[in-house]
Amino acid sequence: MIDFFIADKAAEMIRSERFPRFLYKKGITVEGTFSPYMNLSEYTTAELFANTENDIPVTVRFSKVFGEVGEGDTVRDIISIAVRFFTNEGHFDMIAHNIKLPDALRTPSNLLKIIELFKKKADTAASKDNLFIKSLENEALTSFLIDYYSDLTTVKSYSGIEGYVLNDYLFKDACGVPRTAVFKWIPENGIMCISRSEAEFFAGYEPDIAAIDICERLERNEYLKFDLETNIAGKRLMCGKLCLKRIAKNTVNDSIQFTPSNLVSGAELADTDFNKLTVFMYNEAIRLRGGII
Amino acid sequence: MTDKKNTADNIFDTLAFEKDEDVIKVIEAIERCDKELALLIREKINY
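Which chain is which? The protein sequence lines are Z and H, in order.
For my numbering, add 1 to where a residue sits in the first sequence, where the first one is 1.
For my numbering, add 738 to where a residue sits in the second sequence, where the first one is 1.
It should be emphasised that the hints constitute simulated quantities derived from the structure, not laboratory data.
Among these hints, one or two may not hold up.
As the list claims (entries may be wrong) - Computed Cβ-Cβ distance ranges for the label pairs, DEER-style: (1) H:Ile762 <-> Z:Ile192: 47 to 57 Å; (2) H:Lys763 <-> Z:Lys121: 39 to 49 Å; (3) Z:Glu220 <-> H:Ile762: 44 to 54 Å; (4) Z:Tyr206 <-> H:Ile762: 29 to 39 Å; (5) Z:Ala175 <-> H:Lys743: 47 to 57 Å; (6) Z:Met239 <-> H:Lys763: 42 to 52 Å.
Unchecked claim - Within a straight-line C-alpha distance of at most 25 Å, the following computed BS3-like cross-link-like pairs (lysine-lysine) qualify: (7) Z:Lys121 <-> H:Lys757; (8) Z:Lys10 <-> Z:Lys122; (9) H:Lys763 <-> Z:Lys120; (10) Z:Lys135 <-> H:Lys773; (11) Z:Lys173 <-> H:Lys773; (12) Z:Lys10 <-> Z:Lys114; (13) H:Lys743 <-> Z:Lys135; (14) H:Lys763 <-> Z:Lys122; (15) H:Lys742 <-> Z:Lys122; (16) H:Lys782 <-> H:Lys757; (17) Z:Lys226 <-> Z:Lys26; (18) Z:Lys120 <-> H:Lys782; (19) Z:Lys250 <-> Z:Lys277; (20) H:Lys757 <-> Z:Lys122; (21) Z:Lys26 <-> Z:Lys250; (22) Z:Lys101 <-> H:Lys773; (23) H:Lys773 <-> Z:Lys120; (24) Z:Lys185 <-> H:Lys742; (25) Z:Lys114 <-> H:Lys757; (26) H:Lys782 <-> Z:Lys135; (27) Z:Lys246 <-> Z:Lys185; (28) Z:Lys277 <-> Z:Lys120; (29) H:Lys773 <-> H:Lys763; (30) Z:Lys120 <-> Z:Lys26; (31) H:Lys773 <-> H:Lys743; (32) Z:Lys101 <-> H:Lys743; (33) H:Lys782 <-> Z:Lys114; (34) H:Lys742 <-> Z:Lys101; (35) H:Lys742 <-> Z:Lys135; (36) Z:Lys121 <-> H:Lys773; (37) Z:Lys185 <-> Z:Lys26; (38) Z:Lys135 <-> H:Lys763.
No residue lacks a Cβ here, since even glycine has one placed at the ideal position from N, Cα and C.
For reference, chain Z alone in the conformation it holds in the complex (with noise of 0.2 Å):
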């Protein structure tokens, strides 16, 4: 159960923000398939994961976490993937995020905290309020700031980023037997970021470079391809290759809306308050802001 004062928390800061979107405002909306590489119906009845023989057609935003409409693609952000599975079964939603959430700071209060130094660093733009003095006392976030001001951070190209699965989740095989899987996209050209002087540089000279990049890419038919790892149970298998193909429509760029709550049977999301708390926040959203979801 979470904390009642953390939800309110969580929804008064959701409704501070409701248009364009309170996160993950800047990004572009592809469209592909996803192919599965091996039948995964020993661990889940998801058709998803047991199917190998059909590829199952998915939309995919990458966005920026905290930036804002108008601000350019290289400015130092956490850059997330978000995939829509539309299985038979209905849709399945997997959020990531190209920086790792460590364990310690995966509960509610941290998720909180998170989101409010770094939504307060961008509303303000200035180094007054510096993410390092603020994070003293707490070791996983120093650890998590780290891995924020390497190069990860810096990208031009949405095509060379590695993606960790926010929530975990439950896989539960036919006999109803639950192991927990996590999940994280590979790219299949590696990782691809770009130094401080360099995004300093994209940032003035083309705002919207990692868009571009997109854009060029897929007209030469150089289709944006990630491989998804899972981690079910301790054992590390790779489940299948995102191939992303074309542009979606500007509509649904803007007005997609995706939750760790768009779930199929088989792949739960597992039973902890940071789970229930993200499927509060994404869900609030959606209430107040409306959307394709």
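Take the given structure of chain Z and dock chain H to it, following the hints.
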């Protein structure tokens, strides 16, 4: 993977206008997570 020197540069920049005692506290906190990175930041400060 990412270049640790660049990370040190980036963190060093965020500390440029902070008080000395705060900078020391931040470097000590970083040292607990990554000794090599803390050393690189110290080297930059001494330089």
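Checked hints:
1. Between Ile762 (chain H) and Ile192 (chain Z) the CB atoms are about 33 Å apart, so this pair departs from the stated range of 47 to 57 Å.
2. Checked against the hint of 39 to 49 Å, the pair Lys763 (chain H) and Lys121 (chain Z) fails, with Cβ atoms roughly 20 Å apart.
3. For Glu220 (chain Z) and Ile762 (chain H), the Cβ-Cβ distance of about 52 Å falls inside the hinted range of 44 to 54 Å, so the restraint holds.
4. Checking the proposed 29 to 39 Å range against Tyr206 (chain Z) and Ile762 (chain H) shows it holds: the Cβ atoms sit about 37 Å from each other.
5. Distance hint check for Ala175 (chain Z) and Lys743 (chain H): the Cβ-Cβ separation is about 52 Å, which falls inside the suggested range of 47 to 57 Å.
6. Distance hint check for Met239 (chain Z) and Lys763 (chain H): the Cβ-Cβ separation is about 43 Å, which falls inside the suggested range of 42 to 52 Å.
7. Between the alpha carbons of Lys121 (chain Z) and Lys757 (chain H) the distance comes to roughly 21 Å, so the proposed pair stays at or under 25 Å and holds.
8. For the given pair, Lys10 (chain Z) sits about 18 Å from Lys122 (chain Z) by alpha-carbon distance, which is consistent with the 25 Å threshold.
9. Distance restraint check for Lys763 (chain H) and Lys120 (chain Z): the Cα-Cα separation of roughly 24 Å lies within the 25 Å cut-off, and the hinted pair is therefore satisfied.
10. For the hint pairing Lys135 (chain Z) with Lys773 (chain H), the CA-to-CA distance comes to about 20 Å; that is within 25 Å, so the pair holds.
11. Using a Cα cut-off of 25 Å, the hinted pair Lys173 (chain Z) and Lys773 (chain H) is violated, with the two alpha carbons roughly 42 Å apart.
12. Pair hint Lys10 (chain Z) plus Lys114 (chain Z) holds up; C-alpha atoms about 11 Å apart against a cutoff of 25 Å.
13. Of the supplied pair hints, the one linking Lys743 (chain H) and Lys135 (chain Z) holds, its CA atoms being roughly 23 Å apart against a limit of 25 Å.
14. A distance of roughly 20 Å separates the Cα atoms of Lys763 (chain H) and Lys122 (chain Z); the hinted pair therefore holds under the 25 Å criterion.
15. For the given pair, Lys742 (chain H) sits about 23 Å from Lys122 (chain Z) by alpha-carbon distance, which is consistent with the 25 Å threshold.
16. Taken as a hint, the Lys782 (chain H) and Lys757 (chain H) pair is honoured in the structure, with Cα atoms around 16 Å apart against an allowance of 25 Å.
17. This hinted pair checks out: Lys226 (chain Z) and Lys26 (chain Z) have alpha carbons roughly 24 Å apart, not beyond 25 Å.
18. Proposed proximity of Lys120 (chain Z) and Lys782 (chain H) is contradicted: the alpha carbons are some 29 Å apart, above 25 Å.
19. A distance of roughly 31 Å separates the Cα atoms of Lys250 (chain Z) and Lys277 (chain Z); the hinted pair therefore is violated under the 25 Å criterion.
20. Restraint check: the Cα-Cα separation between Lys757 (chain H) and Lys122 (chain Z) comes to about 19 Å, which is no more than 25 Å; the hinted pair holds.
21. Our distance criterion of 25 Å between C-alpha atoms is met by Lys26 (chain Z) and Lys250 (chain Z), whose separation comes to about 16 Å.
22. Restraint check for Lys101 (chain Z) and Lys773 (chain H): the C-alpha separation of about 20 Å stays at or below 25 Å, so the hint holds.
23. Restraint check for Lys773 (chain H) and Lys120 (chain Z): not satisfied, since their Cα atoms lie roughly 29 Å apart, outside the 25 Å limit.
24. A C-alpha spacing of about 23 Å is found between Lys185 (chain Z) and Lys742 (chain H), which places the hinted pair at or below 25 Å, so the restraint holds.
25. The straight-line distance between the Cα atoms of Lys114 (chain Z) and Lys757 (chain H) is roughly 24 Å, inside the 25 Å bound, and the hint therefore holds.
26. A distance of roughly 22 Å separates the Cα atoms of Lys782 (chain H) and Lys135 (chain Z); the hinted pair therefore holds under the 25 Å criterion.
27. Restraint check for Lys246 (chain Z) and Lys185 (chain Z): satisfied, since their Cα atoms lie roughly 20 Å apart, inside the 25 Å limit.
28. The straight-line distance between the Cα atoms of Lys277 (chain Z) and Lys120 (chain Z) is roughly 21 Å, inside the 25 Å bound, and the hint therefore holds.
29. In summary, the hint linking Lys773 (chain H) to Lys763 (chain H) is supported, as the alpha carbons are separated by about 14 Å, within the 25 Å threshold.
30. A hinted pair counts as satisfied when its Cα atoms are at most 25 Å apart, and Lys120 (chain Z) with Lys26 (chain Z) qualifies at roughly 12 Å.
31. A C-alpha spacing of about 13 Å is found between Lys773 (chain H) and Lys743 (chain H), which places the hinted pair at or below 25 Å, so the restraint holds.
32. Between Lys101 (chain Z) and Lys743 (chain H) the CA atoms are separated by roughly 20 Å; this keeps the pair inside 25 Å, and the hint holds.
33. With a CA separation close to 30 Å, the supplied pair Lys782 (chain H) and Lys114 (chain Z) exceeds the 25 Å bound.
34. Straight-line distance between C-alpha atoms of Lys742 (chain H) and Lys101 (chain Z) comes to about 17 Å, which keeps the hinted pair within the 25 Å bound.
35. With a CA separation close to 22 Å, the supplied pair Lys742 (chain H) and Lys135 (chain Z) stays within the 25 Å bound.
36. Of the pairs offered as hints, the one joining Lys121 (chain Z) and Lys773 (chain H) is violated, with about 29 Å between alpha carbons and a cut-off of 25 Å exceeded.
37. Proximity of Lys185 (chain Z) to Lys26 (chain Z) is assessed by CA-CA distance (about 23 Å); at most 25 Å being required, the pair is judged to hold.
38. Under the criterion of a C-alpha separation no larger than 25 Å, the hint pairing Lys135 (chain Z) with Lys763 (chain H) is consistent with the structure, at around 11 Å.
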